[in-house]
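First to last, the protein sequences are chains L, H and X. First residue of the first sequence? That's 1 in our numbering, and the numbers climb one at a time after it. First residue of the second sequence? That's 1 in our numbering, and the numbers climb one at a time after it. First residue of the third sequence? That's 1 in our numbering, and the numbers climb one at a time after it.
Please note that a few of the clues may not be correct.
Calculated cross-link-like contacts (lysine-lysine; reagent style DSSO-like; alpha-carbon spacing at most 30 Å) [said to hold, decoys possible]: (1) X:Lys233 x L:Lys144; (2) L:Lys174 x L:Lys200; (3) L:Lys97 x L:Lys174; (4) X:Lys233 x H:Lys36; (5) X:Lys267 x L:Lys131; (6) H:Lys36 x L:Lys174; (7) H:Lys95 x L:Lys271; (8) L:Lys131 x H:Lys36.
Hints are computed from structural coordinates only; laboratory data are not their basis.
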Amino acid sequence: MKQRKSLWLLLAPMYVFTLLFVAGPLIYMFVLSFETRAETWGVIHEFTLDNYKNIFQPVYLQTFAESFRLALTSTALIVLIGYPFGYFMAKLSEAWKKRLMLLLMIPFWTNSLIRLYGWIIIFRANGTLDKILMGLGLTDAPLKLLYTYPAVVVGMVYALLQFMILAVFSSCEKMDWSLVDAARDLGASPAKAFLTVTLKLTMPGLLSGVILTFIPSMGLFFIADILGGNKVVLVGSLIQDQLMKAHNQPFAAALAVVLMLLTTAMIALYKRVTHSDELEGVL
Amino acid sequence: MKKSRFRPSHIYLAVVMLLIYLPLVLVIVYSFNESKISSVWAGFSLKWYKELFSDKDLFKALWNSIVLGAASSCAAAVIGTLGAVGFTRVKTRTKGVMEYLSMLPMMTPEIILAMVFMAFFSLLGLPFGMTTLILAHTAFCVPYLYMLVRARLIGMDPSLAEAARDLGAGEARVFFDITLPLIAPAIASGMLLSFAMSFDDVIISLFVTGVGVNTLPIKVYTALKTGVTPEINALCTLMLAAAALLVVISSVLGRRKGGGTR
Amino acid sequence: MKKWISLALCLSLCLGLFAGCGASSSSAGADSSTPAASGSGIAAEPVKGEGTLNLYTWEGMFPQDVLDGFTAETGYEVSYSSFDTDETMLAKLEAANGGDYDLIIADDYIIETAIAEGLVAELDKTKLENLGNVNPLYQGQFYDPEDAYTVPYGAGVMTLVYDPSLTDVEITSYADLWNEGLADNIAVVDNYRVINGMALKVLGESYNVTDTDTIRAAGDKLLELAPNIRLIKNDNVQDDLLSGEVAAAVMYTSQVTLACLSNPDLKVVYPAEGVGFGIMAQFIPSEAPNADAAYAFIDYILRPEIAKQCFEWLGYYCTNAAADDLIEEEYQSFLTLPDGFDSDMEMIENITPEAEEMHMQVWTEFKAACE
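Only chain L is shown next, with the shape it has when bound in the complex (with noise of 0.2 Å):
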């Protein structure tokens, strides 16, 4: 008994820390999504649902509905492109391994703006792209790629590559690869040992990496400013120009609300589909 009070030590600063600087500001939200804008500036205290309601006009729906797409794309490609590059990163040697990871988190060391200037380089007219493709004569015109969805979708991958590689890369390392051997030793193909054991080892960091990438994927409008044109309205841009543009700070505390929500049911049933156990270091 003694032992145990000891060890509530060890969870003290997360408790500590977690109920006063998270669910604080959290609740203050809450609290804020039922109340009433005021004339021009701030808020009036009067509880109201209108916040609420008004997410169920056609235009806001189908903000969330576009979110959902544009987040799903991309974490698909990323699951596609960050796999295969963490399960090869985690079969080389050390030193190797050392100075991929380095490799990996050295542009997250500059300015995420930067690098999607970077982007515009590229893909804008008579850009990088556009002189490579017309100088091999695959095409003849400039191809506008610059403020499309494509051109977001690329952003978005660039933008969060790197939680995808790390988190399948960590739970690769971290995998007995002794069972994938066992596994071939009693006949299966290299298929199905990768189908059956080591996607089924991996997964937490599989699971991991889809969370880490897949939720600011809802948030990171400023890459479909950017590199879309500002076309592609997202919820976050939403809150953005609800927040900044209109003063309505009660609705777009709603809508971070409900986007919470969204999120959270979306974890609940990961949970629920693939076994929780599973799942639990991850969440």
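Following the hints, position chains H and X against chain L.
Showing chains H and X alone in chain L's frame:
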């Protein structure tokens, strides 16, 4: 472990890596552009570097960002690691709630988080400045640490720690001698990630910062609004160079260390 | 017992870490203020101002020479904090209860709100010797009808610019943007009141109508424009015009200046329907810690030769009548308003929440339709 030799998978790794670095290379190239307008190449010039170095505020902002990143990733490392280790040992009903709560900053769009952080700090009467910045940044860094350490702990063999405990080792001894070395890589990558996230955050910083405490991303973001891009490109190039230098130093040191033990 | 001690050690370790972080934070905070304090201590000439001017505005509003010159002459160090949008500024100012900052430069409409919220100090005009230099055209506007709180800085109009080499359409009005020949070829600023306002103007309405049906009608009109829109953004729109990404753009004055300086063949159009007009003005917050420094700065940049430097750097219309003649030839046409213009101008003002909400809804629909 087999000695790593060339495999087709290496081509894949190289190609993806190239794509990751391609935009950065272009940013570097355009930092030497004579023209202020990024769509015109007007010849090679170092003038943006000159302008960069004459900007005192920028270096102050850089220092602020480093302090902020270091402080919040340290704080997040302590909270996240102890939390993850604690939850493997203590069975409590509040575990799920706590995990969920600490994860929420990741699920909330930055802009609204920024707004409520600002309102909340103002409610508490905390003066805006480095302290509020660190608190806010720690809040969004904790989930990364917690998740990475937790993922590592899950796959760990618990019998090691149990054996140590059976042999009479104290909790602290078990933690420092057995658990910590095993989860150290996860803590390290979590801290690196946290530092990077903090080093790159604009929106939240913009709202919770105080008078005269500009961070580097705030400077960059607000400067991009007025379109002085080549100077920012130059800054980015220098940051990359610094990061690359750190990598080289650490790998040289690592090799020397490795050589010594062999 | 041993466990207890080790746990206590563990806890003190993390507390220490926290304390370390806290300490580093407070010292960093002190760092940022000490250079200012010591700076004014070193500049020990008599009758000089003491302390720091906390300036809060967009990035890049003043050439460094002007800021340095101000410090050299008056002794006030300048601590420049930047915001991204007017709304960030007001939110921060409100959280600081009108304190923390000495001088703020922001857009007209937000200043009206700030005044209404009681966050702005009334100006003591006896402290501003050079106030007479201000061009009266930019005074007495809606946000401050008596000029009691503000001094204008830059002014701008929403301008249409197009590259005749990229399109055959001749543009003279907003209505021309609806021309099918401009499909996927227009950039507009990310400002919903301006762009919705464009449609309102085409329909012959005012920017500031509050009737939601009229705004809805403008929204429907705007949906017809969607196929022509290639991008919506606030920053650096001139780059897209110069790189040939778009043939026409609706831009802010400073962007027009930049674009035309790089490509003199661009055509600048003041739309036939009338133009939207805005002013960035300076004001002193109600609880400014160092209002004297703010007065000194306002007065300093009101000097014609300083104003000239500022406006050539900024690229917005010069609000300083005494500086108009000093501005270099190459900038003249960009920094001073064309003659006979003021009659068609209308400013965008704050409107009712219902109208605001309708604008936002219409705007969201428009953006989604552009994809």
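Taking the hints in turn, this is what the structure says about them:
1. X:Lys233 x L:Lys144: It holds: about 17 Å lies between the C-alpha atoms, which stays within 30 Å.
2. L:Lys174 x L:Lys200: holds (13 Å)
3. L:Lys97 x L:Lys174: holds (13 Å)
4. X:Lys233 x H:Lys36: holds (19 Å)
5. X:Lys267 x L:Lys131: holds (28 Å)
6. H:Lys36 x L:Lys174: violated (49 Å)
7. H:Lys95 x L:Lys271: holds (16 Å)
8. L:Lys131 x H:Lys36: Judged against 30 Å, a Cα distance of about 22 Å means the pair holds.
Consistency note: the structure conflicts with earlier hint 6 alone.
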